[in-house]
Every structure is written in structure tokens, then in C-alpha cells.
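Line by line, the protein sequences give chains B and G.
If you want my numbering, it's the 1-based position in the first sequence plus 1.
Numbering-wise, my numbering puts 20 at position 32 of the second sequence, and it's gapless, one number per residue.
Since the hints were derived computationally from the structure, they do not count as laboratory data.
All C-beta atoms, glycine included, are put in the ideal place defined by N, C-alpha and C.
A few of these clues could be false.
[What the hints assert, rightly or not] Some but not every residue of chain G turned toward chain B, in silico, with C-beta under 10 Å:
1. 62
2. 65
3. 225
4. 228
5. 232
6. 233
7. 247
8. 248
9. 317
10. 320
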Amino acid sequence: MAPLLEVDDLRIHFRTDDGLVRAVDGISFDLERGRTLGIVGESGSGKSVTSLGIMGLHQGTKAEITGHIRLDGEDLVTATPTRVRELRGSKMAMIFQDPLSSLHPYYTVGNQIIEAYRVHNQVSKQVARKHAIDLLGRVGIPTPQSRVDDYPHQFSGGMRQRAMIAMALSCDPELLIADEPTTALDVTVQAQILDLISDLQSEFGSAVIMITHDLGVVAELSDDILVMYAGRMAEYGSAEDIFGRPDHPYTWGLLSSMPRMDREKTTRLVPIPGTPPSLIRVPPGCPFHPRCRYTELVGGRRCETEVPPLREAVTPGHAAACHLTTEQRTRQWADLAAGQVPDDAKPPAADEATGEPEAREPA
Amino acid sequence: MIYFIIRRLILTVFLLLLVSAITFAIFFLVPRLAGQTAYQLAAQYVGKTPTPSEILAVEHKLGLNDPLYLQYGRFVKGIIFGVHYNNGPDVSYCPFPCFGYSFRNQQPVWPQLISDAPVTLSLAIGGAILWLIGGVSIGVLSALRRGSFFDRLSMGIALAGVSLPVFFTGLISLELFSYKWAIFPNVHYVGITSNPVQWARNLVLPWVTLAFLYAALYARLTRAGMLETMGEDYIRTARAKGLPERKVIIKHGLRAALTPIVTIFGLDLGLLLGGAILTETTFSFPGLGQFTILAIQNQDLPEIMGVVMIAAFFIVVANMIVDILYAVVDPRVRF
């Protein structure tokens, strides 16, 4: 059976006065029913643009979309706006980052869910209302029969996101896109929301795309992970591969900059130097090269001139876009995993010159 | 919600009392502080060649010699309940709501005010409906087709509408549609009760003139509001639900963009009901605006006071209605 969602060489460009913004530049992935894909990357790496592109929400803007997005075999890029609108909310649904601003302040939560349900289902208001109450109960809202008439501002942050999820699930979508669903929430609530999404996923059997910059979130939920950088794919593979033997210096950077329970507290977090590039002036060659610590290992000026293709490394289905050889990558990651800090990321010498190391020397 | 309305009502009454106190102070306290005697004030009520005894009789009858707080009490009582002027032999009753007697013809002010009110009411309400519908729909269309020819054209016209005074646009419209082409010949006010068709026919030009000015403002406001709300996250949510674009625009976009429009609409209408002075003068309509002009020209203090109180009443009440409407429109205000 064909995968539910096939994205093939998707490019989303915006023509602006300052130049062409290549927000998404050649993304491909497949997503089966019941599975979860995590899309990871920094702000401006094209995660959200990709998801809005799949939902067809760039229609009416100046976006130029090429490539293919096939949902259940139907190409959404060439489909008519009306057809995409019919699929939106029914076959594919989306949860957004900030549940307060994503809910309309003037309508009750119930009305907004009812509206979502009735766009795609010819039912009476009473039936839709029952459905909304039922959904609110299922996403864990206490006393849903009274909360259904509340306005979004009467809900707490976590409950608003639950309501958003209820709205997204109202028509039993086969594809659920969650765009940073926990970023605006308290840490304790984040875990609840993630649990809820994965519970509902197994209940409804939907495929989920989880977009986040939080590796902890994808680690918990994803079967597959796509690491994006500057609108392109940096690395793509199963969650075990990405966390177990990551193959791209950018992924290494993401992993090393994340605090971990299984490390000594004294182990320094290693930040990725620099900032993400502007999508109007993406660096030539590998877009990551200005921030990469390993360009010397590749040798010559290949990283600056030649765009690295996405290559499968050791495990099938696990691919990375980097000029380093497989052996080099294995060795570098082994060093990093052992807690060895790259030279240029060591703390400044001033910290070490306090004389303390001498005092600690055994007598 | 009920408590909210009650609170607003109490505040409104308090505000109106305050307005009456200030008005009274301006027209009775300030002249007295400047050295005006009760005799001089009374002299204004009795025509061009008064005898001293007539003046004294009026002074006595209206109690102009009483302490000011008594006079103010009588003023407020007159407005709310009506008042008996029975000092001396000449007894008269000024029924509620009493705004005193005109200098000009010694008649109570209120009946004269009320006889002019329908003209202003017809003008303001008709114009308001026209400009609200026109302005908002042009604003919405402009926002949705931002940068298009329609947008630029309508915003250009809107700029003209905001900038051109009523006595210019009004006279041009009279010249063209009344004199040159005679589509609306001989524009004059006809009461709605005496002939509804003529009433409407004669009001078309004033309505359009008035609406042109305000519609321009509303179109610009609506456009700005729509551009802002259509970029909100909840609009994206509405689209993500698969709602048809028309519903996204009207139910989700316009609903939110209308809130500031409601506010300003209430205030504009309230202000106009107190007298659309320029429009009434341009078209020679005998409304509250004309009444005001005459009262000022004749320095008829009681008439001016009456107009000021009426205008203040409309504005305060419009404000209250706007506040209550606001709570109806935006649930966040209710709590």
C-alpha cells in the first residue's frame, strides 16, 4: 500500500522585493498511516512553511510551489483550491503553536469545534454540539458539557491546546500536523499534551507530523525524523538512527546543545556557533558550512562550492547531506558521544587559569 | 452581563448630572462672577423695550435672585419632572422636560427643540446607515484586494472624502443633481409623516453628502482593521478547518475588525444627532443644527443650554450603548 503522504522534491519559494526567498528547497519524505514524523530545525529552517504548504495554506499568497505533495495518491500541488479546501480539516488537520491566538476570541470553544465539524459533515447543530462535547471530553477537558460554552480566554493554556486538538480531530483526519504544539506551554503541560497526541494517534490511527525545535519532543514521539537546515534536508532517518548514530554535523550540534540526564552535570553543553542563514542569501555549497567545525576534514573548498547530495550512509533509509566520508563521520560522532568537546567550543582559557586544577592534584 | 449594564446605566446618569452642572455653571455662574446682576439677566427675557416693573416681575417669577444652588436644583428638577414658576402673581408651569424659556419669544425651549429634532434624526440616521454599509464594504473589498486598482481608486476617493468639507461636496451635489440635471429638484425638508416618499426623495442628497464624508473615514478604518485581523493566527485556523474563504472573511475576519468601527460609529452618530450643523445649513434643513446656529446668533442662553444638554445626552447615551455593544461583541469585556 502506498504511504498516506508522499512529499517529493517540494520547493516553496517567495518572491519578495529583496529577492527570492527559498523557504523550502527540495524536501522529500514519505509518511505511513499510524506513524509519526518529526521535523526538526531552528527558526527559519522552513519547518512551518513546509507544513503550511502541505495544508495548502499558501494559496492566495505569493508562494511558488513546485514538486509533489501526494495525500492518499492525490497531488495537492496541482489540485484545485476548492478540492484542497475540502481536504483541509477533514482529511488533514493542523494544530498551531500558540493556542490563544489561534482560537477566535469572539466565539465559544464549542462553536469553533462545531463549525469545524459542520463544514465537512451535513449534521444539525445539536448533533455537532454533542460531538464537540464528546471530543472535549476525549481530550481531557473536565465537565465538557459546561466548558463547551466557554470562551477561549476562560481556558488555561493547556486546555486551549486540548481544545485545538479536539477541533483538529473533529473530522477524524488521516493526517495531523502539529506545528510546535507545546512551545507556548508550561513544561508540565507540554508532557501532557504530547501524551495526549500520541494516545489519540493510536486511537484514531492518524499519521502525525510533529514540527518542533525541541529534540526532546521528537525523541519521545517520532518514528522518523527529518532534520531541516536553511530550507533543505540535512538528515533523514529513523529516530533510533538520528539519536543513535547521527550523520550530519548539524544534527551533532543539535544533540550536543541539548542537556541530557545521562551525562555528568559538569559536561558542558556545546552550542552551534553563528546564526541560521538568511533564506534570501543561502550560503553557496553546503548551506551549513559557515557554522560547521569539520570543513577542514573535507579538504579543499568543496563545502563552500559544492552542494552535498543526500546520501544513504550505513543503514538503509538513513541519509545525510554532508561531504564527510562515512568513516570520518563515525569517528567524529564517537568522539562527541564520548563527551569530548571540540577544540573551539572549549571554555575560554581565563576560566582554567584560576589555579584550581593544581590544588586538586593529589599530593 | 446584567450587572455590567446596570453599572453603565448608573454611570451614565451620573455623567448627565455632571454635564448639567457644568452647563449650568457656564451659563449662570460665570456671567454672575463677571458682574452680571439678576436684573440684567431678567431684562433679557422681556423683549426690546421693557419697563423696570416687567423686568422685576420676571426676575421674581423665575427666582433669578435665589442662591445659585437653589436655581440649579430647580433647573435639574425642571428637566426631570417639570417645574412650577409660582413666585408672584403670574403662575406658569413648565412641563417636563423643562429647559427654561427662550429669550427670543418667552416660550419654553423644549417644544421648539423637539419640533426640530426629526429633521436631524432623519438626516443622521439615514446617513449613518448609508455610510456604515458603504464604508465597511468598500473597506473590506480594498483590504482583500490590497494594492489593486480598486484599492487605490477607492482609497484615493476616500482621501478626497475625508478632506472635502460638507459645504463643498453638498453645494456641488446641489448644483449638479438639483439645478443642472433636476433629478432632485427644489430640495427642502418634508416630514416623514406628511409624505414619506417626498421625505426620502428630498433627503437623498443630504444623506449622500453626509455619508460621503463619513464613509471615506470608515472605509479607511475598515481596511486597516481587516488587513490587521486577516493576518491573525485565528484566521489561519479558520482556513485550516477548511472553511470557505467567504466565511473566513466575514465570520472570522470582519467580526473582529468591526469592534473599533462600532465604537467610533456610536460616537459619530451621537455627535450628529446633536445637530448636523454643516449639512443642515448647506441644504437649509431646519434641524437641531440650524436651531443651534440661530440660538448662538441671538445669544439666547436658555436655547443654547437646551441644545448643549440634548447634544450631551446623545453623546453620553451613544457612549453607553457602544460600551454595552462592545461587551456583546467581545466576550472578553464582559468579565
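A quick look at each hint next to the structure:
1. This hint is violated: residue 62 of chain G has a C-beta 48 Å from the nearest C-beta of chain B, more than the 10 Å allowed.
2. Checking residue 65 of chain G against chain B by beta carbon gives a least distance of about 44 Å; that is not within 10 Å, so the hint is violated.
3. Restraint check, residue 225 of chain G versus chain B: the minimum CB separation of about 5 Å is within 10 Å; hint holds.
4. Residue-level restraint check for residue 228 of chain G holds (minimum Cβ-Cβ distance to chain B is 5 Å; threshold 10 Å).
5. A distance limit of 10 Å between C-beta atoms decides the matter here; for residue 232 of chain G the minimum to chain B is near 7 Å, and the interface restraint holds.
6. Annotation: interface hint on residue 233 of chain G holds; nearest CB of chain B at approximately 8 Å, less than 10 Å.
7. Among the interface hints, the one on residue 247 of chain G holds; its C-beta lies about 9 Å from the nearest C-beta in chain B, closer than the 10 Å criterion.
8. At about 14 Å, the closest approach between the beta carbon of residue 248 of chain G and any beta carbon in chain B exceeds 10 Å, and the interface hint on this residue is violated.
9. Evaluation of the residue 317 of chain G hint against chain B yields a held restraint, the C-beta minimum of about 7 Å falling below 10 Å.
10. Of the supplied interface hints, the one on residue 320 of chain G holds, with its beta-carbon coming within about 5 Å of a beta-carbon of chain B, less than 10 Å.
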